[in-house]
Each structure stands twice: as structure tokens, then as C-alpha cells.
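Just so you know, the sequences run in chain order A and B.
First residue of the first sequence? That's 1 in the working numbering, and the numbers climb one at a time after it.
First residue of the second sequence? That's 1 in the working numbering, and the numbers climb one at a time after it.
Don't read these hints as lab results, they were simulated from the structure.
Only true hints are included.
Derived SDA-like pairs: lysine to any residue, alpha-carbon spacing no greater than 25 Å straight-line:
no. : chain 1 : residue 1 : chain 2 : residue 2
1   : B       : Lys140    : A       : Asp27
2   : A       : Lys423    : B       : Leu47
3   : A       : Lys421    : B       : Glu60
Label pairs and their in silico Cβ distance ranges:
no. : chain 1 : residue 1 : chain 2 : residue 2 : range
4   : B       : Thr149    : A       : Leu154    : 43 to 51 Å
5   : A       : Asp443    : B       : Asp14     : 37 to 45 Å
6   : B       : Leu78     : A       : Asp27     : 27 to 35 Å
7   : A       : Asp11     : B       : Gly28     : 19 to 27 Å
8   : A       : Ala337    : B       : Asp8      : 41 to 49 Å
9   : A       : Pro445    : B       : Leu78     : 53 to 61 Å
10  : B       : Thr149    : A       : Asp11     : 23 to 31 Å
11  : B       : Leu78     : A       : Gln144    : 55 to 63 Å
12  : B       : Thr149    : A       : Val174    : 48 to 56 Å
13  : B       : Asp14     : A       : Ser300    : 44 to 52 Å
14  : A       : Ala13     : B       : Gly28     : 19 to 27 Å
The beta-carbon is built from N, C-alpha and C at its ideal position, and this holds for glycine as well.
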Amino acid sequence: MNEKHPNELIDEAELRAALQPLRPDPDSFAAGIRQRVEEAEVKLRDQDFDEAKLENSDWLQVAASVIPLPLFGNAGSSGLVKLGQLTLGKKMVAVAALPAIGLLLMVTASIWAIIKIRRVQRGQLAGDIDVLKAGEVTAAWWRQNGYLLGGMSLLMLPLMFTGYTIPVFIIFLVSGIAMVSLITKLGKERLVDRKAIAKVLCPALIILCQLTHLSSMFIHGNPFLDQMLIPAILLLGGIVMLVVCDPASKNVYDTGLVGKWFGGILLVVLAGLFSSSVWNPVTTQDLKTYVESFDHARFSSASWREWQVPAEWLHDSKMQLDLSKPRALLKKELVLAEPNPYILCPAIKADLIHPQDLDQIPDLAVRKNLKFSEYQRGEPFYSVNVHIRFLIQALVMRGELSESERDYLGERLAATMEGLKTKTIVPILEEQLAITQLAQFIDRPLDLELYRDFVHQTLVSHQVLIYKFGHPRGGFTQYTKLNHSDHRATVDAIELMQIYGVPEGVQIDALRSYLRPKHLDLWSRMHARACVRVASLQRLESLPEVQPITWMDYFRYEQNLMMAILFTLVCVFATLGAPKLNGPTSK
Amino acid sequence: MVEDYFLDLTDAIDRFRGPLVGLIASWGVSHVDASEIAQDSFADAYLNRDRCRGDWQDPEVFGHWLRGVARNNFRNWLRSRKRRESRVVLMDTATLAQTVGETQVEEDQRVVELRMAIDQLPTKQREVIMMHYLEETSVKDVAALLSVTAKTVEGRLYQARRVLRRMLDEPSSSGIRKALLL
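Based on the sequences and whatever the hints tell you, model everything.
Written out as C-alpha cells, the structure is:
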């Protein structure tokens, strides 16, 4: 502090003396805070218990499954609204005021549309159609309603990109109403023709396909299916519309034969691509093929780390594997002067390395002395990095670790786990998993009960549930500050849940959604990543605490997909149900 | 600045106890109530640390968070002042009289005048004086709690000490006003 003119300033000792009697007693102050914290935690536990009782209520679960969660806004649409977070009064209001409103909206709107369209179709007389008049009526309808439709679409578009699902829902609803309105208008003029309707609905379906294709990239919710199925279904509807147009006739409604074939093939290819997660999913057999055919590590250790996940899962599942190709690849690494531990560690985890393979590794004893002799018993490792993991695993496999050395390492690993509680800037999920597995490997397993709460807290705090633009949610992150999911951390988290159990705070539906199949899984460049996801999902589903997905879960999270199916079906009905009239009477 | 991070709640209390009580007291709250509000604030800030933007173990982040919580608790305290005052009067009369009597005997006139002068300082100067000298907290921790730089705190302390010196050298009310103007 500036003490240039001490005579102008009040003496610090005087200030201290004046304020000294006002000082709080440190011990009673800290005790007061701890008492408050404890009381609040007890209250919170009681509250959680009450919420758990409510969440286990069957009737409430049924009611929750049919409440239109998009109407709760962002959090609701993502399934983040825990029932317990709402007060009982709100729950009752929600259940009483909005019973199955999502389902009712979808089904009622579809039935209403079908009835209206059918009535118009029946009123259409057989005979010729005035093409020009039909065009004029359609144009007049657009002039009347186009601005409204365009305005609503523009309004919904930015909302869709913020991740809300309700705009997609509303767009389908509005499109359905517009379709019925146009067909009714044509019906009043006796101009309902199959080709005329197909001509209008085909581009409408393709525009909707483009909108939903974009919005599917920013979805907040917890869908279990690839959201690219929505544009795929709309495209299938578009293909039907295109087929309905008769290429042989030469009236103004029809495109040329070449254009139709070109357009048709394009739509089929796109629909096939978007829906590939359904007709060409990554199966267990694909995992096996990927693991067995691994003869080239394109990105060196990164490829090995990706390969390790399905390989380890298949090994844990007791599947018979022919690992001759990966072993041949590994041998190339083992003959090097300094094999890469980032390759050897995944290979050990996947049970690819035999003890005799490690005879070629030089200096293991020297490294052992270097790493082990400097530190006291019970002193934590600074980090259980890949080099330490490989050294310990290799020593165990070669039988060069005595019982006392195992005790020494077991104590240090336990101390390292304990030390993680106060560390903030470490890849904590990876470290927790590595320590737990290493302790098992040296036959000095950690006391799981002792660390269960710590691991569970870490898992809950490292699951990413906040939507961040362009980053999928639901997975795990190694660092809470990053706040976006990554595959490696998610793999580690699932393995930790396998060992320590699934904590209540982890949102399994969000995690399933993060691991859901994607249409890009088809492409070879994405195939390794897809295999990691599928293996992780299979491991997750195998956990005893994880309940299987029910139809109610699908209903809860796939409302947009169901809406797309219903809308497309109504479009197809409106087109195919319309009479096929004769050629034009006007030129 | 990893080495500055808290280890746990105890560490956070040790670091921010003095400045937080001083800060709340500088808002015109008696030191007994300031201590109570500070304890509530520590407990609330710790229990809701997940909602804190950033790493709560970073003193600057936690300091900012703690001050916000304390301000909210102080506002709540103001709203329920009537009820609180009646309770304090009913509960603490005898103890308070005894405590006040004991301290009054021991304290000299100069100390009493100094406290009165501190009460009359401008808010920002009063804050730093109370926060820094109540438990001799470091300027850095005071700055973390106020979300300002250490230099700013030092500047305010310097100004406050100069004003206090003038106030005490000229004990008349006109002298205090003059000192404040300077």
C-alpha cells in the first residue's frame, strides 16, 4: 500500500484495535456454517426421497408419458423436467389440464384432415378438369394465405435452430391445415384432381424435408432414433407424389420424363441415405467385422483407442474373435525400439497382448526402479498416465511384480484416488477408471464402497445436459469447464458405471440419445466412431440398473417423428384418394 | 493460478470470513447480524456451488458468487427487519447489556471516535476498511470479494485512512465534513 505520507494517514494499528472486538470467533463461525450446510443437506435428502416416491408412482409416469413435453418449452422438450422439480400442484394441473394433448393434437388433426379431404373427394364429379382454372384457384389461395404461411415459417425457423421442438410440431400442424384448406378450396370449384394435388404437395413435402433436415442438427431433446428419419419420411411422401404424376401425358402438371426420373432417383437416394440408420444399422456383427479386420491404424494411437472400445466390449461379452489381423499390426509396433504405450495400453485392455510379446520391451526393470524407488508408500502418483499404466500392466503380465510391490502400488493408487477429490484440472473420469482398473489388475482392488459416492458425484457433475450450439448433449466431458460431450469421456463414464453402479442423477435417456444411431454411420470414415458408439450403447444397456426402453419412452421423445409420419400419410391419402380426372379441357 | 485454488469449504471460510463479515457490517448491519448473514451466505453459496458460473474453487469466481449471495441475504434481512429486531431485543437484552458494559469499560475514547468516523466514511472506503482490517485480510482476497483489482483496493484504503486521520484530528462535525470533502 502507498505509505508515502504516513503522517497523513491513520495508523493501521489503531484501525485493527478499533475493529478487533467486532471479529467473529473463527471456530463458532465455521461451526455455524457447517450446521447450516448439514441441516440443508438433510432437508434435501428428505425432499429427494419424497420426489423418488412420486416418480415411482405408476399413474404419474403414465400421465407424464402423454403430456406434450414440448409445451413445457426448452427444458421440457429435452425431457429435463424431472417430475420432482415440479410442485405437486403443478403436476396435478399439468395432468388434469393437458391429458395426452400431444397425442390428441396429432391424431385428432390427422383424423380431421382425413374426414375433410374425404368429403371433398366424394364431392368431386367425374369428368374433365379445367386446368387453367385449377391453376388460378391455387394461385388465388396462395395470394390469400401465402404471407401468413411464409410469416409463420420465418418465425418458426430461428426457433427451430435454438433447439426447441415445438416449432417443428407447429409447422407440421400448420402445413396440415394449409393442405386441407387448399384442397377444400379446389373442391368448391370441383377441381380436385390427383395430379393437381400431387403437384402442390410434392414441393411442399420437399420444403418441409429441408426445414426438418436443418432442425434435426440442433435438436435439444432425447430422441433414441436418428432425427434424419423425419426428412427421410417426408422424402418418401415426395416420391409417392412424383410417381402419381403421369409422365406419359403432356399436360402442364407433368414434368418431363427425364426430369421425373432424375428427380425420383435423387429423392430415393436421399431418402435412403437419411434413413440408413434403420435399414443399415451398425450391428454386433459389424462390430465383430470391424474388430477382426483392423489391419491398418490410419491415425496411429487414436485409431487404436477407437478400436479398443468395441474390441474390449466384445471380449467382455465372451464373443469368439479372430484377432490375427490386429495382432499382425501390433507386432509391427512391438518390434520398434520404443513401442508407443498409447498403442500398447489399448491392446492390453482388449486382451490382444500375450505376456511373451512383452519380452521384447526393453528397460522395464529400469523404468520400474525409476518410478517406484523415489516415492514413499502411500504417496499419490501425480497422474496415472499411460506410461505408468503400461509399466504396471506389463510388469504384472511378465510376473515381475512381487506381493510387497503390489501392496506398495495398491496403497499409492488408493492415495491417488483420494487425491483426486481435491484436484480440479485433471481428466477425472479417465483417472478414476484407470486407477480402479489398475488396482484390480494388480490384485489389490479398491474398496468400491469407499469411493462410490465420489465417483457417482463425478459422473453426475460431468454429464453434459446443457445444450450448446453445435454440440450434442447427453454425453460426458472430462473437464466441466469444457461443457460439451466427448466420446472418450463417455466411454470411460459407462465403464465406471459398470464398476460403481449407475448414480441416480445420471440421465440415462439423455445418454442413450447421445449414443443413438446416425445416418452417417454408413460412411466408412465415420464407421470407427459409430462402432465406438454402438459398443458403448450395448455396454450401457447391459447394466442391470438401466431399464430397457419402452414404447412410452418412444412416444415421449419421438413426437416430431410421429407427426412427420402422420402428416406424410395424410398427404398420401389426399393424393391417392382423389379421383383421377381426364385431361385438360382448356388450353 | 492453480495454487491459489481452495481445497474445500474450510479453506474458503478461512479466506473470506473476515472480509465478508466486514463487507456486510459496512452496509450498516450490527456485527452480530453481519456474522449471521455471513454464515447464511457461506452455507447458501456452498450448497448452490453447482450454479456458480465457473470453477467455484477459483477464489475470484467464488468471491464474486459469495458477494452476490450475501447481497441477496442482506436484502432479505432488510425486508424482515421488524421481525428480526423484535427477536433480537427479546433474546439478547441481558447478554447485550453485559457485553456492551464490559467492552465500554475497556475501550478508550479514541477507539470509539475512530469507529464513529469509520461509520461516516463513503461506502466504498468504509467497505475496504472493514474488510481489510477486521481480520487483517490480504488486499488480494478483499479484491476478489469485491471483483475489483488489488490496486483499486489499495487506493481506496489509502483514501480512507487519509480521511479518517483528518476526521480524528479535527473532531468537530465541521471537521468531519471538511475531511469528507477532501
